[in-house]
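2 protein chains.
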Amino acid sequence: MPHHSIVADVGGTNTRVAIALDGQVAPDSIQKFANAGHESLTEILTAYRKDHDVVKFEQVAVAIAGPVRDGQGCLTNLDWTIDCASLTRATGAPDAHVLNDLQAQAHAVGSLAPASVEDIQTGQNASPEAAHLVVGIGTGFNSAVAYQAPGGTLVPPAESGHATLPVSTADQFAFAEYLRSRFGHAAIEDALSGRGLGHCHDWFCHQVGHPIGAKSAQVFAAAAAGDQMAKDSINLFSCILGTVLGDLALTTLPFGGIYLVGGMSRAITPWLGQTGFEAAWQDKGRFGPFLDQFPIRLVTDDYAALTGCASFLEKLRVAH
Amino acid sequence: MPHHSIVADVGGTNTRVAIALDGQVAPDSIQKFANAGHESLTEILTAYRKDHDVVKFEQVAVAIAGPVRDGQGCLTNLDWTIDCASLTRATGAPDAHVLNDLQAQAHAVGSLAPASVEDIQTGQNASPEAAHLVVGIGTGFNSAVAYQAPGGTLVPPAESGHATLPVSTADQFAFAEYLRSRFGHAAIEDALSGRGLGHCHDWFCHQVGHPIGAKSAQVFAAAAAGDQMAKDSINLFSCILGTVLGDLALTTLPFGGIYLVGGMSRAITPWLGQTGFEAAWQDKGRFGPFLDQFPIRLVTDDYAALTGCASFLEKLRVAH
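The listed protein sequences derive, respectively, from chains A and B. FYI, the numbering for the first sequence is 5 to 324, going by our numbering. FYI, the numbering for the second sequence is 5 to 324, going by our numbering.
Each hint should be verified, as a subset may be incorrect.
According to the in silico footprint, chain B covers these stretches of chain A (three or more CB under 8 angstroms from chain B) [said to hold, decoys possible]:
# : region
1 : 106 to 116
2 : 153 to 163
3 : 207 to 221
4 : 254 to 260
Pairs of lysine to any residue residues, derived as SDA-like cross-links and limited to a Cα-Cα distance of at most 25 angstroms, are as follows [stated by the list, open to error]:
#  : chain 1 : residue 1 : chain 2 : residue 2
5  : B       : Lys319    : A       : Ala135
6  : B       : Lys319    : A       : Gln152
7  : B       : Lys319    : A       : Ala153
8  : A       : Lys219    : B       : Lys36
9  : A       : Lys319    : B       : Lys319
10 : A       : Lys319    : B       : Ala134
11 : A       : Lys319    : B       : Gly289
12 : B       : Lys219    : A       : Gly289
13 : B       : Lys36     : B       : Asp306
14 : B       : Lys319    : A       : Glu133
15 : A       : Lys319    : B       : Ala323
16 : A       : Lys319    : B       : Gln152
17 : B       : Lys319    : A       : Ala323
18 : A       : Lys219    : B       : Lys319
19 : A       : Lys219    : A       : Glu133
20 : B       : Lys319    : A       : Ser131
Here are the in silico distance ranges between beta carbons for each label pair [claimed, not checked]:
#  : chain 1 : residue 1 : chain 2 : residue 2 : range
21 : A       : Gly292    : B       : Asp83     : 18 to 26 angstroms
22 : A       : Asp74     : B       : Ala178    : 36 to 44 angstroms
23 : B       : Ser131    : A       : Asp57     : 33 to 41 angstroms
24 : A       : Val121    : B       : Ala323    : 42 to 50 angstroms
25 : B       : Cys209    : A       : Asp74     : 48 to 56 angstroms
26 : B       : Ala51     : A       : Gln286    : 36 to 44 angstroms
27 : B       : Ser131    : A       : Ser44     : 25 to 33 angstroms
By construction, these hints were calculated from the structure, which means they are not laboratory data. By construction, the Cβ of each residue, glycine as well, lies at the ideal position given by its N, Cα and C atoms.
Can you build the whole structure from these sequences, using the hints too?
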């Protein structure tokens, strides 16, 4: 008899729920809910379970866009708190886990289909035990590292998007000052997120007195149509991305590769070759060439966080 | 019969070698060698072993100030390459390991005597499984995190000192530009190291046309004697330290505490209360209060890297 788990990916806007059979997400079980119409995750999971009431779930894992500590977490951009006891009540699964969404993405790395990964920079081959860094750029920014430890894959949580925005040029520093004047602080995710690309564009508009407030999709569309200010915004975003990825690579040494995930990662990748991304990535003085060994890859699978939850639960189950 | 290991801590200038008995460093076995008089670590270890030729060593672990990959490493500031095979030849120990020195320091955290740890900031209590971040400030800058994984303590390597120097004010940006003009890049360790405090002082001297080139010990002495430029240099160092520790805390979430090690950590700690350190540490926008939960501690034990090597070997031995 297959082992059934329930997995969910709770973003700032939507929640995806699915069933995993023996560690594999069942594609036709995936269901998407708008958070706006619901009071809590419990309500969504209860509704989902009602549609699958013949199934007995042994485990549940939920990936959330927010900090997790001691099995409990709250969403950064939504007033929901999620803990293991409420997950068990909503799903009937006795074994419940809350993961940060980037932790879930990092657990997915070993299980991704080759078709859902694209090379951005090839790097060097590494041993199967090498660490993977996953960087998520979407509504916010965060990262997580998957380490192959003797007892299994270890993925510690992180909140790296709230670290100080690094700047390398006078223009970038002026941009950071602009962010500080608007938000009181210039964090990485104020530049590297959907909002962040909007802020990059706002900064160029602000300098020439144009109205601000374009969404990231509008900036990409304008750049595709040849608009210089939109292209400059994409270049600023890309250069900062190069700097930040280089800093994270030095801090975590992901010899197994850097995996970019999230909507903004997919949207920015086609532009990287036309920008200062690579120069910024290598701008680490005598440690610049050291960075060449780290491959950078794009994950195009929308459901990687669900795959990661399923993979995490399966590894736990096999270990016990 | 006790289990004998040989452990060593190879810095840029000196190498310390000791014997560990059942995972404990024997204090009277510690011997210090100046690297300058020796061709290689092999030569030092061979000399040390000659003095202890009645002992049969089962294991050897060496902590080095430089990047380590797949059991081999090279010193960042000295032309020595160190691998497991040469350690076995020099010591006779069949089980050989090369660690980055910060990895070794991180393995020491659980074995430090209470007398060799001082509170800088108390933080909140955490579970025994919580991660520890060790930050080394001395000749260079680096960090490592100790994670309690199901299979034992995992301490991944890092080279965080070569990441981009974060700046939060116009003065700090001007300082970073000064570093870039001198060294081609402004890395964290160009500010946060012995040399780094010298660079902070150089920057203030440069602005008023004074000669540059004071050593960190001279800056501390001048500040103690009331010299304003020396005090400003210490303040600049401390503010950048606050920013960098906050960034590393967000990237690694060390709920078990941040442990500062190295000569510069000890030298700067008494000054932190008179500087902008705490304000810089908390300057993370809405994530500022989140940082209050992380304790910050100073490690005053000079031999913590040796303790860490011994602890690492003992954990391996017990696991097998």
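Taking the hints in turn, this is what the structure says about them:
1. 106 to 116: Coverage by chain B is violated for the region 106 to 116 of chain A (0 residues, Cβ < 8 angstroms).
2. 153 to 163: holds (count 9)
3. 207 to 221: violated (count 0)
4. 254 to 260: Since three or more residues must qualify, the claim that chain B covers the region 254 to 260 of chain A holds, with 5 doing so at under 8 angstroms.
5. B/Lys319 - A/Ala135: 22 angstroms, holds
6. B/Lys319 - A/Gln152: Within the cut-off at roughly 17 angstroms; holds.
7. B/Lys319 - A/Ala153: Given that 25 angstroms is the threshold and the Cα spacing comes to 14 angstroms, the pair holds.
8. A/Lys219 - B/Lys36: 61 angstroms, violated
9. A/Lys319 - B/Lys319: The hint holds at about 24 angstroms.
10. A/Lys319 - B/Ala134: Holds. Lysine 319 of chain A to alanine 134 of chain B sits at ~21 angstroms (cutoff 25 angstroms).
11. A/Lys319 - B/Gly289: Violated: lysine 319 of chain A and glycine 289 of chain B sit about 37 angstroms apart, past 25 angstroms.
12. B/Lys219 - A/Gly289: Roughly 23 angstroms between the alpha carbons, so the hint for lysine 219 of chain B and glycine 289 of chain A holds.
13. B/Lys36 - B/Asp306: 12 angstroms, holds
14. B/Lys319 - A/Glu133: Cα-Cα ~20 angstroms, so holds.
15. A/Lys319 - B/Ala323: 21 angstroms, holds
16. A/Lys319 - B/Gln152: 17 angstroms, holds
17. B/Lys319 - A/Ala323: 21 angstroms, holds
18. A/Lys219 - B/Lys319: Distance ~53 angstroms between lysine 219 of chain A and lysine 319 of chain B Cα, so the pair is violated.
19. A/Lys219 - A/Glu133: 40 angstroms, violated
20. B/Lys319 - A/Ser131: 23 angstroms, holds
21. A/Gly292 - B/Asp83: 18 to 26 angstroms: Roughly 20 angstroms apart at Cβ, these two residues keep to the hinted range, so it holds.
22. A/Asp74 - B/Ala178: 36 to 44 angstroms: Cβ of aspartate 74 of chain A to Cβ of alanine 178 of chain B: about 43 angstroms, so the range 36 to 44 angstroms holds.
23. B/Ser131 - A/Asp57: 33 to 41 angstroms: 37 angstroms, holds
24. A/Val121 - B/Ala323: 42 to 50 angstroms: Between valine 121 of chain A and alanine 323 of chain B, where Cβ atoms are some 34 angstroms apart, the hint is violated.
25. B/Cys209 - A/Asp74: 48 to 56 angstroms: Hint holds: Cβ distance 49 angstroms, inside 48 to 56 angstroms.
26. B/Ala51 - A/Gln286: 36 to 44 angstroms: 41 angstroms, holds
27. B/Ser131 - A/Ser44: 25 to 33 angstroms: 26 angstroms, holds
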